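Undergrad: Take a look at the letters that make up each chain.
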Amino acid sequence: MHADILIKNGNCVTMEDKKTKDWIAIEKSRIVAMGNGAEYEPFIGNHTIVFDAKGKTVLPGFIDSHFHVVQTALNSVSLDLSEARTHQELGERIREAYKNLNGNYIRGIRIVAEQFREKKFPERTLLDKYCNDVPVWLNSLEYQVSMLNTYAMLYFKIPFTAEGVEMDEKQMPTGIFSKKANAILRSNILKNISDNDRREAISGIMANLLNHGITTVNAMEGGTMYSDKDANFIFEHGKDFPIDMELFYQTMDIEKIKAMGLKRVGGCLYIDGTMGARTAALSFEYADCPGTMGSLCLTQQEINDFVLKCYENNLQLALYTIGDRAIQVALNAHENALYQTGITGLRHRLEHVELATEAQIEKANELGILFSMQPTYELYWGGPGKMYEQRLGENYIRTNPFDKIIQNGVVICGGSDSDITEPRPLLGIHAAVNHPVESHRVSIYEALKMFTCNGAYGIFQENDRGTLGVGKLADIVILDDDIFSVPTDQIDKIKVCVTIKSGEILFNNLG
Amino acid sequence: MLNICFLGKSRFEWDGKAIEEQLGAKAFALICLLVLNKNRYLSRDKIIGYLWPDSNEEAARYNLRYNLWLIKKHIGTDQQGNAFLHIDKECCGINREFDFTCDILDIMKFKPSEEDSIDSILKLKQLFRGDFLEGCYFNKCDEFNELIIFERINFEQRKVKILKRLVELYEKENNFEICLETINEILEIEPYDEEMVLKVLNIYLRCGKRVAAITYYNQFSNQLAGNLGIAPSDELRNKYNEIRLNLSDSKVDTEDECTKRHPQQGHSLNTLGSNNLDSKKNGISIKIVSDCIKNITFFWMSDVIDKMMKIIDLDYIQQLSEQEILSLGCIQANLLSICGDISESYSCNASIRDVSIVNAFIKLLTIVCRNHKLTILILNSQDLDAISVNVVQYLKRIQIEGLELIED
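Chain order of the listed sequences is A and B.
Numbering-wise (the working numbering), the first sequence opens with residue 340 and increments by one.
Numbering-wise (the working numbering), the second sequence opens with residue 2 and increments by one.
Hints may be right or wrong, so weigh each one.
Which residues of chain A face chain B? A few of them, derived with a C-beta cut under 7 Å, are [as the list claims (entries may be wrong)]:
(1) PHE499
(2) THR500
(3) THR563
(4) THR590
(5) PHE823
(6) SER824
(7) PRO826
Hints were generated in silico from the structure; no laboratory data involved.
Just so it is clear, the structure is predicted and the values come from calculations on it, not from any experiment.
For glycine and all other residues, C-beta sits at the position ideal for the given N, C-alpha and C.
Looking at chain A on its own, in the form it has when it is part of the complex (with noise of 0.2 Å):
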């Protein structure tokens, strides 16, 4: 039997044991034979392709266990102002985008008001100074608050009538929009987002992932901030991209799930806010703004019954929760859950997960619940002088003890958040393995671990994919080195070469 493709000579890791193997031989869309030495040369026909990996490090496909794929996508095509340091810059760059604007308006993303010298949103009449000829809309960093010029205000369908249109002294709005203003607005214009808009925005991002190895992404769609078109997006035409996506549609519909027939429900179902805003649940005040402790959108009650709900529908559940407080009230309606229904086994995740501490770590590992984490978070935010500092004081170094929890027993899936971080996987797994505090750090195997096969067990795959075997599907990726032979502190410039997706090469820069 010949085979349709074959790597050689490669440290191709399975993530299975530990094991090593020389070779893969992959048919179709299938790895049909693994092995060491030279026992791969019956697979090589007239028409396999042959890749000569040349001793470096050889993984299955990435998975990204935390991706928002529209957002990404649309974002893709948007205007990044979080580089702005005045309004008058601000307005600078959407004057430029003016002269090379492709669509009807133009989308503004990444704001928020301490990055400006004036510590404050730009309001309508300071955007029309710069761009008075088409729509403008500012997004906020965390999509809370939308900024819009004049033209904006009488090109989209605004909520006048609703809380949280900014008005100024003469009872003019000002173009700022928050609470359910903010919601209504966004949801009249994300609604008018065509579905041909999200499939060219999203096949947009799609060589960006590949050649950074991802070939599995859970999508987190839908509910806040977001669109449940997007969702439904997702939900139909997934299957239409090279890249996996299983879908996390953050709603607590329940009746919707069920009739749309998933088996998963959440994502980004907040339990509480971000670290950023300040709105993380903590058990202590934030070091900056004493008095406050950041908030939980729901009470135990609510949660409590939410969770029960999603136990006795058998769904896997996915709850967002980033601070100590947070956690604790998903765990215990975890633990309500579990013993009111007896049913165990569902791999219920906790998204984020940034500031567990030990007890809840034990709590988690006894419930069997996984995390979704995001090591990059630790490459922008942790360490001295950065933001987990400024929020936390002290307490920053108990942000995301990676090593902690594995010792306890949690499995940990890796992700990007895209795009509020880099869809890299490989910025993770540097991350996970340089966490700016010691103890936290893991070992190079264990962060490959969180992106390959806990990501395929976090969504009950880990019999196709996440390692690399025989029968199992052939995402594979080939690295530009060895990742266990370089510097610990240089995994982050080791680069992809070829991503393969179910037998297709996707991705090559091996030649």
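The hints should help you fit chain B onto chain A, whose structure is shown.
TA: This is chain B only, laid out in the frame that chain A set:
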């Protein structure tokens, strides 16, 4: 006859013929400006400031003259021979004598009153074909664009007001189906208006559609959680719990069916309808929805007494001793007001001890439970006041026959 619509895509009809194309956008805007200022004339400078702010004076004046000519050309005189516009060297305005119809003028006249009929409100509602000057944006005309925004807010608010008036009228006529449709129109504008959602639940309840009410609440609650990450208000949640646990019937009955005036005090006392009262004597269930306030001592007990008084027969209260009624009167003054003779001897509660109040309360429950199955739903039970917490625990321990306490 001239007919103008500014809501939705602007429409101008002269003698039944559309003349939008002949007029053009700036002429629309000019007419709109004059209609909004119908009761006064606007100076030419003011109009230019709105519509041609970036043109030099000569060009701006020419543009204004041209558009006034265009309007005059396409809109003739009415049946009385009046011209549409009053124009002189300094000012322009709508001729007050000119006979024409305009959607926004009709709407601006509306003020809710007793004389409103469903038909008249429906006519107004139909005028809302879309946003004010929908699809319009006048580049560099900042003031005029602001005026459009201002009027959009204005007419959106008026629309909600008109729809709410319509809801009231449909409710009055018990025309629930169409009432619900109208509420949904309001919710399309303000999807998180919990007052309207509460109304929907009440209407379903009045129609006996408990399942529909529960489903509706669940959908709303999911939407709120999904889109805003928040839960419904306590009021809405309490209503939902009432419906879910089927505890609302007695409330509806008391409000709708019967009001009995107490002869001695002239105090309005709600009781169940006579049929219900008779059947109650035959041991029918009584259901009470009570609420809690954490830091107000005796609040829950006071609330239970108040709600029971609206349902139970006065005989039950009169089975208490005078001292016991006075004790309960310390925490629920309404009790004293229906017991006139006793209340005269009531002066100060300083001498009444907590234990007397608690004992009297338990005795009252025991008396009621001799003839009825009494179910008390305790909403927001985490907010029970300190004494009521202990009383609830005690009641659960002693298990009075016929008494059921359900904590939310």
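Undergrad: Could you run down the list of hints and mark each one as holding or not?
TA: Against the structure, the hints:
{"no.": "1", "hint": "PHE499", "in the structure": "4 Å, holds"}
{"no.": "2", "hint": "THR500", "in the structure": "5 Å, holds"}
{"no.": "3", "hint": "THR563", "in the structure": "5 Å, holds"}
{"no.": "4", "hint": "THR590", "in the structure": "5 Å, holds"}
{"no.": "5", "hint": "PHE823", "in the structure": "43 Å, violated"}
{"no.": "6", "hint": "SER824", "in the structure": "46 Å, violated"}
{"no.": "7", "hint": "PRO826", "in the structure": "43 Å, violated"}
In summary, the structure is inconsistent with hints 5, 6 and 7 from the numbered list given earlier, while agreeing with the others.
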